[in-house]
Amino acid sequence: MPELNVLYDIIPKLLPFECMQMRFMQLALVGLLLLAPMVALMGVQVVNFRMAFFADAISHSAFTGVALGLILAINPHWTMPAFGLLVGLAIVAGQRRSALSTDTVIGVFFSGVVAFGLAVVSRDKNVARDIQRFLYGDILTIENGDIWAMIALLAVLTFFQIYGYNRMLYIGLHPVVAKVHRVRVAAYQYIYAGLLSLVVIFSVWAVGVLLVTAMLIVPAATARNFSRSAGGMVWWALLVSATSVVIGLLISAQDWARTATGATVILVAFGWFLIGSGLGLFNGELNVHK
Amino acid sequence: MSYVRQPNGAAVTFENVTVALGGNTILESISARIPQGSCTAIVGPNGAGKTTMLLALLGEVPYTGGIQISRADEGRHLRIGYVPQRLQFDRGMPLTVLEFMVMGWQRSPLWFGVRRSYRERALELLASVKADGLERRRIGALSGGEMQRMLLALALGQVPDLLVLDEPASGVDFQGEHVFCELLDKLRCERGFTQLMVSHDLPTVTHHATHVICLNRKVAAEGSPREVLTAETLTAIFGIHMGLVDSRAFSCSSPCCTGKSSHA
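One line per chain: the protein sequences are A and B, in this order.
Positions in the first sequence are counted from 1; adding 77 to them yields the numbering used here.
Positions in the second sequence are counted from 1; adding 12 to them yields the numbering used here.
No lab work stands behind these hints: they were computed from the structure.
For clarity, every value in this text was computed on a predicted model and none was experimentally measured.
Worth double-checking, as some hints may not be accurate.
What the hints assert, rightly or not - Anything over 12 Å on all C-beta distances counts as not near chain A; from chain B, calculated: (1) N58; (2) G78; (3) L99; (4) Q118; (5) R119; (6) E132; (7) G157.
Stated by the list, open to error - Partner residues are not named here, just some residues of chain B that face chain A (Cβ under 7 Å, in silico): (8) P96; (9) E111; (10) P121; (11) D144.
Said to hold, decoys possible - Cβ pair distances, simulated, as ranges: (12) K142(B) / G184(A): 42 to 48 Å; (13) S41(B) / F347(A): 58 to 64 Å; (14) Q80(B) / L149(A): 52 to 58 Å; (15) A264(A) / L33(B): 24 to 30 Å; (16) P57(B) / S178(A): 25 to 31 Å; (17) V233(A) / K142(B): 41 to 47 Å; (18) A170(A) / R133(B): 48 to 54 Å; (19) G78(B) / G184(A): 35 to 41 Å; (20) M78(A) / R127(B): 38 to 44 Å; (21) R127(B) / F130(A): 34 to 40 Å; (22) G125(B) / Q331(A): 36 to 42 Å; (23) E72(B) / R200(A): 24 to 30 Å.
Where is the CB? At the ideal position from N, CA and C, for every residue including glycine.
Using the sequences plus the hints, can you model the full thing?
This is the structure we're talking about:
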């Protein structure tokens, strides 16, 4: 993969902080800035249509993907997204064909995936040592190839969202009405689940299994407090997400902080959420007293 | 100017349709028809399979037997408008009525705004269902009656040959239901679609429907309300004597029912 040196070299000029002089920090920032619009766009739909449990199930498939890679002697960078994608599509297929409730179908897949991962990990002590990486995330070790993969995913996801955002809204509100009104419900559901699975897996690299759902939900939930329309919610989610990753990465690299990057990013987003909630309460009070 | 258009909606025929789900037979070899341009009501007790019959027609449940849909203009795809009982959504969701209306037509995402042509079309549709002024409201802040009219406007946006309504009046009071049915009668006259609805409310059905299918897993009776909604039939399907149906109510005032033109 060609190096993106031009891109990386711009960063210390735009953010003249000492920590941003280091190449791994520049890569981490580019990775997070590629991830931010993806989690914002997908997160809006995750929040509006209560798909957090789906995202959770996919994130927990990450370390099973790693374990599979080790067993099959394939680079986990390939097995993680491939396995996540497989689990995501299998959940949608299960939901569409089963009489069980959505939560139950996801719960069943969730348990199966986690149990399989634990079984594999328990056999191999070397894998067990690597698990912490997946729990807390490891954005600072992101490589040039990962950046290219994220650029490709962002391009596909942006195209899908521009083409299908309105139709996804339709399906989320009432899939039967959408289908009767000539929306290709099944195709949209599978493509969305596939893309969300890949975004979740990339987010696991950035913030870890424990915080991946927060990465999707917090910017979108914050956006709800600020916006008055479905269109506005997307822009607010993009703003919250992008500012959180930049500020979170910078804070985590400061000597006085020295915190995990993923956790710091989420804390900044959570700060946004508190501000939004406060404003919401304030506006509510104003409306009551008018 | 309002006028009565010749019916050009779809006609539907159910032939020995059986639906079995999870080992339970929900509909058992039903044969019924929905005449072109009619307001057909499906009535029956809870668990009679009314909604399942709609879902079979919409292709949402597997069935055996045949469902034929024919219409005057066979040169294009059949268009169905569907008004569900309710939307299940998070009421805090920041989605305006205008955005809701255009989400099925506009390809460019709503975050780039609503295009003027779609906005105008949405406002026209909202006005046609007496929902003017709702376009800026969040859908979560609508009352039951407003939500119902918004869903009807969305379905009318399909320019349907067949309008299917699943208990359209659930969640509104008697007066609201009557007003809604009057509105539907007027729209059916103007636009000529065929209307199929599930209803629990027999007085409303007797007043507004032109064709009734009494269902209790099987078709118990079918025909005009006057022929079908007899004490014997209702006692047979509901299990109690339905003295609520007043014979004076068999007087649909809609021009579609009387067949007279009205010019304003």
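Checking the smallest CB distance to chain A, is G78(B) really beyond 12 Å? Answer for G78(B): holds, closest chain A Cβ roughly 20 Å.
Holds or violated: the 41 to 47 Å window for the beta-carbon distance between V233(A) and K142(B)? Between V233(A) and K142(B), where Cβ atoms are some 44 Å apart, the hint holds.
S41(B) paired with F347(A), Cβ distance criterion 58 to 64 Å: holds (59 Å)
Closest CB-CB distance from Q118(B) to chain A, is it above 12 Å? violated (6 Å)
Report holds if the minimum CB distance from E132(B) to chain A is greater than 12 Å, and violated otherwise. holds (17 Å)
Is 48 to 54 Å a correct range for the gap between the Cβ atoms of A170(A) and R133(B)? With a Cβ separation near 37 Å, A170(A) and R133(B) fall outside 48 to 54 Å, so the hint is violated.
Whether G157(B) stays farther than 12 Å from all C-beta atoms of chain A, as the label says: holds (18 Å)
C-beta pair K142(B), G184(A): status relative to the range 42 to 48 Å that was hinted: holds (45 Å)
Just tell me: holds or violated, for the beta carbon distance of E72(B) and R200(A) against 24 to 30 Å? For R200(A) against E72(B), whose Cβ atoms are near 46 Å apart, the range 24 to 30 Å is violated.
Let's test the interface hint: is any C-beta of chain A closer than 7 Å to that of P121(B)? Holds: closest Cβ of chain A sits about 4 Å from P121(B), inside 7 Å.
Under the criterion of a CB-CB separation shorter than 7 Å, is E111(B) in contact with chain A as hinted? The hint holds - E111(B) has a Cβ within 7 Å of chain A, the shortest such distance being about 5 Å.
Supplied distance hint 52 to 58 Å, evaluated on CB atoms of Q80(B) and L149(A): holds (53 Å)
Going down the numbered hints, you'll see the structure goes against 3, 4, 5, 11, 18 and 23, while the others check out.
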